[in-house]
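Could you put together the complete structure from these sequences and hints?
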Amino acid sequence: MITDMVQLNIVGPRDSYDKLLDVAWQLDCLHLIDIDDIDLTSISIPSHIESSFQYSLERLEEFDTFFNLYKSHLSTPVELPKQLLDEAASLQLEHLGEFISSWKKEKADLDEKIEIHRQNEGILRYFQDIVPDIADGSLLHTRGIIIRDPNPRLYDALRTELERCTEGLYQLNLYTISSDLVLGALLYPHQFTDQIRVLLEGIQISELSFPSSIAAGTITEKIQTLMREIDDLDTDKSDLFLRLQLAYQQYLQLNHYHRTIKITVEKYEGLRKFRQSRNFTFIGAYAAKEKIETIKQAFAGLGPGVFVYEEAPDRRAPTQLSNTKGVREFQIFTDLLPPLAPGSIDPTIMITIFFPLFYGFIVGDIAYGLIIAGIGYWVYHSQEDDSALHQLGWVYFLSGLSSVLFGFAFGEFLGDLAPSLGIHPLLFHRGHDLMTLLLISIGIGIVHVLLGIALGAYNSWIIGQQHGFYGHLGMLITLLSVIVLLVSVLGLISIPPIIPGLSLIPGIYFLIRGEGFIGVIEIISTIANMLSYARLMALGAASVILADLANEMYTIAGGGILGIIVAILIHVLNIIIAMFSPTIHAMRLHLVEFFSKFVEFGGATFTPFGPTALQN
Amino acid sequence: MEIATGLIALAAGLAIAIPALATAYAQAKIGSSGMALLTEKEEQRATVLILVAIPETMVILGFVIAVLIINQFGGV
Chain A
1 MITDMVQLNI
11 VGPRDSYDKL
21 LDVAWQLDCL
31 HLIDIDDIDL
41 TSISIPSHIE
51 SSFQYSLERL
61 EEFDTFFNLY
71 KSHLSTPVEL
81 PKQLLDEAAS
91 LQLEHLGEFI
101 SSWKKEKADL
111 DEKIEIHRQN
121 EGILRYFQDI
131 VPDIADGSLL
141 HTRGIIIRDP
151 NPRLYDALRT
161 ELERCTEGLY
171 QLNLYTISSD
181 LVLGALLYPH
191 QFTDQIRVLL
201 EGIQISELSF
211 PSSIAAGTIT
221 EKIQTLMREI
231 DDLDTDKSDL
241 FLRLQLAYQQ
251 YLQLNHYHRT
261 IKITVEKYEG
271 LRKFRQSRNF
281 TFIGAYAAKE
291 KIETIKQAFA
301 GLGPGVFVYE
311 EAPDRRAPTQ
321 LSNTKGVREF
331 QIFTDLLPPL
341 APGSIDPTIM
351 ITIFFPLFYG
361 FIVGDIAYGL
371 IIAGIGYWVY
381 HSQEDDSALH
391 QLGWVYFLSG
401 LSSVLFGFAF
411 GEFLGDLAPS
421 LGIHPLLFHR
431 GHDLMTLLLI
441 SIGIGIVHVL
451 LGIALGAYNS
461 WIIGQQHGFY
471 GHLGMLITLL
481 SVIVLLVSVL
491 GLISIPPIIP
501 GLSLIPGIYF
511 LIRGEGFIGV
521 IEIISTIANM
531 LSYARLMALG
541 AASVILADLA
551 NEMYTIAGGG
561 ILGIIVAILI
571 HVLNIIIAMF
581 SPTIHAMRLH
591 LVEFFSKFVE
601 FGGATFTPFG
611 PTALQN
Chain B
1 MEIATGLIAL
11 AAGLAIAIPA
21 LATAYAQAKI
31 GSSGMALLTE
41 KEEQRATVLI
51 LVAIPETMVI
61 LGFVIAVLII
71 NQFGGV
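Chains A and B, in that order, give the protein sequences.
The letter at position 50 of the first sequence is residue 50 when you use the numbering used here, and the numbering goes up by one with no holes.
The letter at position 27 of the second sequence is residue 27 when you use the numbering used here, and the numbering goes up by one with no holes.
Read the hints as simulated data drawn from the structure, not as lab findings.
Stretch-level coverage of chain B by chain A, calculated; a stretch enters the list once three of its residues show a Cβ under 8 Å from a Cβ in chain A:
no.	region
1	46-52
2	55-67
Computed far set for chain A versus chain B, every beta-carbon distance over 10 Å:
no.	residue
3	Glu311
4	Gly464
5	Glu552
C-beta: ideal position from N, C-alpha, C; glycine also.
Pasting the structure below:
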């Protein structure tokens, strides 16, 4: 239901605005509004709040992004300091900024060195297996080469040229490292060294070269040196992260400071809605009716010069939904809607009743229902209260139970396995009687849409909207007349067609009186809305046919373990589909077909001035 | 008799196939536009979800018509 609101005017001495601000913030239940009065002036936010803190906020947000990148390497202390940091915080801010810049550079250098060392180590290990020694300076007839962007034509050209240069006295072994890197070991007599060097330069093939620290020595020695250096670099990297951890502690303290600044700025933002005359400060606000006494007592504590008086809320009043546990979880759907207008009916209770019914009607299988209810129950209890998943868990739990009930009605357990378990349809089998399923679906649509229109008429009556009331009433009478006329013409009831025919006259009269001639056109779209509920039958039939197919696949796959695996896979697929498709369509039937008949949008969401709004 | 049965099956198939193509075309357009919208206004996700689901009415009604064709003329 929508919480009853009152409009409050709070008046105090001109110089008491900061005390009024404190009380309003602490109350955390006032929705501040702008007072439109040309004789009143607004209060500006203190300059030290507005400008000097802004810089700190921006820097801290930059740091926030940076530390999030390395969150997995860092540990968070259990307790953060309670007290606010002093002016030294701004100095720390600068130091931290400088540290982060130098740390990022140092880490990039280290990463690059480690990567090059590892690459060299890999290359050397390849050569270790085929060449005992390639770079100690004495065996010049062995060369390591690197071919980047290799292709077969290049290999052919290289071999042809080597054949020519060395008169066929060479050996070339190639090793593919990756699609764009090939290593080669080239062996040739000493006297061809110069020709080979010129040849390799000519076709842009680079020789293998290593850092000066491993220029000398055998391959094995080079590898050992490289591994030692890699160990040293890894140690340097660990030290680097130790320093980052220290900086992170500092950042967490500053972040605490950040949050305090945000609260302060948010609080002082409230001053923009305060107004002042020569002698007084005024606050305009909306609050829940049940909070009035608390609010009055809090402001009375400021002394005899502060008054709180109330007015009836106008059409600008914000709306706040307040539902009991069990229904509140279904606000996950109503929260998707634009804010409701004051005086509108809260549709949450309606979706709590009908959503699980529609969902159950579509899924309609005992086993599927039990699995979905089980998943929903687990999610509901494993997630924090008021989280979206917690709410969805409850929705699926109820919807799963509803599916179990409809499963008994349609006699389905994993599709057509029910008869073998002694379960028979209480109503009818969906897969065998699609026409009945279709008629029931459209029947549900007619009842649901007419209920929506009736609620719309009731709501218009309550809030005194005469046109809205006549429009809804006219639509209700017209549609009922059309339906009865149709049923009568088909001979399904014994009422003469003239009676519903005549009742069309007042229906259309009220419709035109309420909504004009456009209302007559609306009849067609409302009938289309009713037919849209055929999706209940279509999705339900698809679900049961897929379940039957899973069982049939067991036989086709030859039974046994393979058959069971195939059947389980298809049933799992069907359950996954059942978690999504019926949800979207049951939701759509509410949001498009049902709510459009009685829910009024166009209000504002209730936003309490205080720490709660900041948390959200 | 066999030709008539084939035509009934063809009619039922077309009753689903044509709306399915239309639905796919509409959902592709709405879906891509919806994704573009969500990159800038994430709070519009509910509207996008509903808009994407709206063209499905066509194929669902196509399925209903197919069932009616088979029921009325196919002797199923």
